[in-house]
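Protein sequence lines, in the order shown, are assigned to chains A and B. All residue numbers for the first sequence refer to our numbering, where the first residue is 10 and numbers rise by one. All residue numbers for the second sequence refer to our numbering, where the first residue is 78 and numbers rise by one.
Hint data in this document are derived by calculation from the structure and do not stem from the laboratory. Just so you know, even glycine gets a beta-carbon here, dropped at the ideal spot from N, CA and C. Don't take each hint at face value.
Unchecked claim - So the derived label-pair ranges between C-beta atoms look like this:
| # | chain 1 | residue 1 | chain 2 | residue 2 | range |
| --- | --- | --- | --- | --- | --- |
| 1 | A | K402 | B | H175 | 50 to 56 Å |
| 2 | B | G98 | A | E496 | 27 to 33 Å |
| 3 | B | E171 | A | D600 | 52 to 58 Å |
| 4 | B | D85 | A | K399 | 53 to 59 Å |
| 5 | B | E168 | A | A376 | 50 to 56 Å |
| 6 | B | E181 | A | E65 | 46 to 52 Å |
| 7 | A | D19 | B | K186 | 55 to 61 Å |
| 8 | B | K186 | A | K142 | 21 to 27 Å |
| 9 | B | H174 | A | G39 | 53 to 59 Å |
| 10 | B | D85 | A | D600 | 32 to 38 Å |
| 11 | B | V136 | A | D19 | 39 to 45 Å |
| 12 | B | Q228 | A | R108 | 47 to 53 Å |
Stated by the list, open to error - Derived coverage of chain A by chain B (criterion: at least 3 residues anywhere in the stretch with Cβ under 8 Å from a Cβ of chain B; other residues may be distant):
| # | region |
| --- | --- |
| 13 | 169-183 |
| 14 | 594-604 |
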Amino acid sequence: MSKQITMTIDGVAVSVPDDYTIMQAADSAGIHIPRLCYHSKLSQFGACRICVVDVEGMKNYAPACSTQVKDGMILQTHSAGIRKARKVLIELLLNNHPRDCQVCGKSGECTLQEMAESFGVKSDEFSFEGERKTFETDRSSVAVRRDSEKCILCGKCVRVCSEIQGANVLTFSHRGFRANVVPAYNLGLGESVCTNCGQCINVCPTGALLEHDNTEEVWHAIHDPNKVVMVQIAPAVRVAIGEGFGNEPGKDMTYETVTALRMLGFDIVFDTQFSADLTIIEEGHEFIRRLTQKGKLPMITSCSPGWIKFCETFHPEFLENISTCKSPQQMMGAVIKTYYADKSGIYPAKIYSVSIMPCTAKKFEAARPEMNSSGYQDVDAVLTTRELIKMIKEAGIDFNRLKKSEFDHPLGESSGAAPIFGATGGVMEAALRTVYEVVTGKELAQIDFTDVRGLEGIREAVIPVNEIEVRVAVTYGLANVHKLLTEIEQGKRQYHFIEIMTCPGGCIGGGGQPYPAGEAEALDTSVYEKRAQGLYGIDERKVIRKSHLNPDITKIYQEFLKEPLGKVSHKLLHTHYHARHPKGVPARIKDTVNLFKAK
Amino acid sequence: METSVVPDIANVVEKWKDKKGNLIMILHEIQNQYGYVPREISFQLSKLLDVPLARIYEVLTFYNYFKLKPPGKYTVSVCMGTACYLKGAPELLEELHHILGIKEGETTKDGMFQLEIVRCLGCCGLAPVVKIGNKIYGGLKRSDIVNLLSQYSKEGAPVAQPV
Ligand code: SF4
Ligand code: SF4
Ligand code: SF4
Ligand code: FES
Numbered sequence: 010m011s012k013q014i015t016m017t018i019d020g021v022a023v024s025v026p027d028d029y030t031i032m033q034a035a036d037s038a039g040i041h042i043p044r045l046c047y048h049s050k051l052s053q054f055g056a057c058r059i060c061v062v063d064v065e066g067m068k069n070y071a072p073a074c075s076t077q078v079k080d081g082m083i084l085q086t087h088s089a090g091i092r093k094a095r096k097v098l099i100e101l102l103l104n105n106h107p108r109d110c111q112v113c114g115k116s117g118e119c120t121l122q123e124m125a126e127s128f129g130v131k132s133d134e135f136s137f138e139g140e141r142k143t144f145e146t147d148r149s150s151v152a153v154r155r156d157s158e159k160c161i162l163c164g165k166c167v168r169v170c171s172e173i174q175g176a177n178v179l180t181f182s183h184r185g186f187r188a189n190v191v192p193a194y195n196l197g198l199g200e201s202v203c204t205n206c207g208q209c210i211n212v213c214p215t216g217a218l219l220e221h222d223n224t225e226e227v228w229h230a231i232h233d234p235n236k237v238v239m240v241q242i243a244p245a246v247r248v249a250i251g252e253g254f255g256n257e258p259g260k261d262m263t264y265e266t267v268t269a270l271r272m273l274g275f276d277i278v279f280d281t282q283f284s285a286d287l288t289i290i291e292e293g294h295e296f297i298r299r300l301t302q303k304g305k306l307p308m309i310t311s312c313s314p315g316w317i318k319f320c321e322t323f324h325p326e327f328l329e330n331i332s333t334c335k336s337p338q339q340m341m342g343a344v345i346k347t348y349y350a351d352k353s354g355i356y357p358a359k360i361y362s363v364s365i366m367p368c369t370a371k372k373f374e375a376a377r378p379e380m381n382s383s384g385y386q387d388v389d390a391v392l393t394t395r396e397l398i399k400m401i402k403e404a405g406i407d408f409n410r411l412k413k414s415e416f417d418h419p420l421g422e423s424s425g426a427a428p429i430f431g432a433t434g435g436v437m438e439a440a441l442r443t444v445y446e447v448v449t450g451k452e453l454a455q456i457d458f459t460d461v462r463g464l465e466g467i468r469e470a471v472i473p474v475n476e477i478e479v480r481v482a483v484t485y486g487l488a489n490v491h492k493l494l495t496e497i498e499q500g501k502r503q504y505h506f507i508e509i510m511t512c513p514g515g516c517i518g519g520g521g522q523p524y525p526a527g528e529a530e531a532l533d534t535s536v537y538e539k540r541a542q543g544l545y546g547i548d549e550r551k552v553i554r555k556s557h558l559n560p561d562i563t564k565i566y567q568e569f570l571k572e573p574l575g576k577v578s579h580k581l582l583h584t585h586y587h588a589r590h591p592k593g594v595p596a597r598i599k600d601t602v603n604l605f606k607a608k
Numbered sequence: 078m079e080t081s082v083v084p085d086i087a088n089v090v091e092k093w094k095d096k097k098g099n100l101i102m103i104l105h106e107i108q109n110q111y112g113y114v115p116r117e118i119s120f121q122l123s124k125l126l127d128v129p130l131a132r133i134y135e136v137l138t139f140y141n142y143f144k145l146k147p148p149g150k151y152t153v154s155v156c157m158g159t160a161c162y163l164k165g166a167p168e169l170l171e172e173l174h175h176i177l178g179i180k181e182g183e184t185t186k187d188g189m190f191q192l193e194i195v196r197c198l199g200c201c202g203l204a205p206v207v208k209i210g211n212k213i214y215g216g217l218k219r220s221d222i223v224n225l226l227s228q229y230s231k232e233g234a235p236v237a238q239p240v
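Using the sequences provided together with the hints, build the complete structure.
Right under this line is the structure:
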């Protein structure tokens, strides 16, 4: 057990447990020590030295992130010497950094830029000498682009990829001037075992890692008079987009977003939540079939494309367990260019279909060869929440003052089961609401499955459905996934149904979501909790809260699909995935990654 | 390739498996055996040791000692000891850079030549000296290099025109 000690930071008395670092002590007292390589949810690295503080009685400045507190410690976080030291460190980084801010995708949200500005680094005060490192920008991935020249070697991407995502794609390579962060054998991210999750982008303090930018091609389609541009928005986008305009995380801005999309020039605005309901109908029936007809169990959800690639790469033995259902994004894509094209009389080749996603891996999913069952690429372009925010800003739209407007029909209506897809546990809960009622024929007394909600790394529940005790599990973060699957193989765990989300907290913590503002950082539980509450709030405010009761879903089955798992569904809404040549193995994980407070 | 390498690395892995710092020792043995660490073997090692490939690559690039590519058929060693240096070794090196298109520690695309710098070959009387394979050539001038190399190139023709 740790005991409390008392110390003085910048003249303020602070009482903290004795196993804290100076950084943790300062954080708990609301004193922000600058940092580049430190992240509270990742292992210690101690490389950048920006966090140095002046401790009385110590000869050298101490790095706050890797120095333990002591009783009676007295320290300054911004003495004259410290300020000078930090300035020099930033100057050294800038000496080896492209002077690119005006054309850099990270400008305005870049920690390095902010520090240079706030420490008063001026270009005429430090001289630029010698060679700068040069690397080619890696554009091999449709999801993540990596510009090593902007990398300051803080190692946060390496750690998030290994410790949270277990994928271990990135590593330091070489030393000294040639030092870099790359996938093994300097492969492009697109050729590597990268899952496209984008978590490395979320933690990167500079513009070294960013999503592959698709905004130009979307503008191009909007300006093209021969295209009818349709767009869908994922659940998690609507409770995070406001953050880009100074709002609190979790604020529901669904209908302002619809207005903004129309102002940008999108012709038809649909809701991915409609196809989330559709997914539940197909996936629910698939589960019932597997359960009652001795199909392969556990069945595992298929809507998170980072997980799909992780499975193909590292756990191909579970491919048969993955639901054959496409994700809501891809179901919507397929339905737009068939059902809706027919209904509206718009020739599918004229349709340009865009989706707005909290996720970088969705870019990869849309580009997969499996995803053209309409006879065309089902979804033409995917934008992240961040990219949409940029487009709205570019167009000079005052987002916070927008009036609300409704989605277009008939692919715009959704039940309360759909928004919660965006939070970890939500797909499971949505599926259970429908599976229970379809199997038992009875109405659920309690439709909130709170056991599967929350932010714990792996959660379990047992739900009685008629005479079967259905065992379910919910997890997120691929390190947790690797642990869960390994333990299933070892016979330590047994389930009927598993929900897997790639990103921490589910899609609300996706790799394409806004960078948290102010003191909040990436992987911040309080941000995830607020976004999740936003989604559960949308669910609660809906009159219809079960997918099978969505009237537009009933209609699409009557008019087009005929029956769940039927012939048309099979062609348009289902698919199969294949093993990839696995280069290497994922990270070894002993404990469940629980970044988060228990619910 | 993959099937043929498994048995011998399996032995090496078995030998070091439970020892501390085994990754480096295993890579060391593999380099001794092959003259470099073939990529396919790294793939196999990753699985056998349950160590991510990225980690193996980190180790391989951290130490200059490890080579990722097969060594060239002929090692061209330029002596940069004091005597050779003063008698024009830097010029010979520059010429080699030009003709072979590689730097120290690298191998030509066709796998023929690998360029190295050495401190002293122990024959300062012949300075400046270049060693190709195990033959030593002394008293060289910049203009000699192209002819010298052409004796080793596959068709016996000059590898490239000096620039
Ligand atoms: S990474 Fe930051 S500092 Fe570097 S060019 Fe981009 S905005 Fe500027
Ligand atoms: S996108 Fe995800 S899997 Fe790929 S390198 Fe980044 S963190 Fe790793
Ligand atoms: S890419 Fe970004 S997160 Fe990764 S080491 Fe470089 S600066 Fe840090
Ligand atoms: S934040 Fe402490 S050394 Fe980087």
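Notebook entry, point to check: Would you say the region 594-604 of chain A counts as covered by chain B, given the rule of at least 3 residues with C-beta under 8 Å?
Noted result: With 4 residues in contact (Cβ-Cβ under 8 Å with chain B), the coverage given for the region 594-604 of chain A holds.
Notebook entry, point to check: Is it true that the C-beta distance of H174 (chain B) to G39 (chain A) lies inside 53 to 59 Å, as the hint says?
Noted result: holds (58 Å)
Check: Are there at least three residues in the region 169-183 of chain A whose beta carbon sits under 8 Å from a beta carbon of chain B?
Finding: With 8 residues in contact (Cβ-Cβ under 8 Å with chain B), the coverage given for the region 169-183 of chain A holds.
Margin query: Just to be sure I understand the hint, the distance between the Cβ atoms of D19 (chain A) and K186 (chain B) should be within 55 to 61 Å; is that true here?
Written below: holds (60 Å)
Notebook entry, point to check: Taking 32 to 38 Å as the hint, is the beta-carbon distance of D85 (chain B) and D600 (chain A) inside that range?
Noted result: Check passed, 36 Å falls within 32 to 38 Å.
Next item on the list: Check the following: the C-beta atoms of E181 (chain B) and E65 (chain A) are separated by a distance inside 46 to 52 Å.
Entry: holds (50 Å)
Margin query: Verify the CB-CB distance for Q228 (chain B) and R108 (chain A) against the hinted window 47 to 53 Å.
Written below: With Cβ atoms ~50 Å apart, the hint holds.
Check: Is 50 to 56 Å a correct range for the gap between the Cβ atoms of K402 (chain A) and H175 (chain B)?
Finding: At 52 Å between Cβs, range holds.
Next item on the list: Go ahead and decide if the range 21 to 27 Å is satisfied by the Cβ distance of K186 (chain B) to K142 (chain A).
Entry: With Cβ atoms ~25 Å apart, the hint holds.
Notebook entry, point to check: So does D85 (chain B) sit 53 to 59 Å from K399 (chain A), Cβ to Cβ?
Noted result: For D85 (chain B) and K399 (chain A) the Cβ distance comes to about 54 Å; the hint holds.
Check: Can the suggested window of 39 to 45 Å be confirmed for the beta-carbon pair V136 (chain B) and D19 (chain A)?
Finding: holds (42 Å)
Notebook entry, point to check: Range hint 50 to 56 Å: satisfied by the CB atoms of E168 (chain B) and A376 (chain A)?
Noted result: Roughly 52 Å apart at Cβ, these two residues keep to the hinted range, so it holds.
Checked against the numbered hints given earlier, the structure satisfies every one of them.
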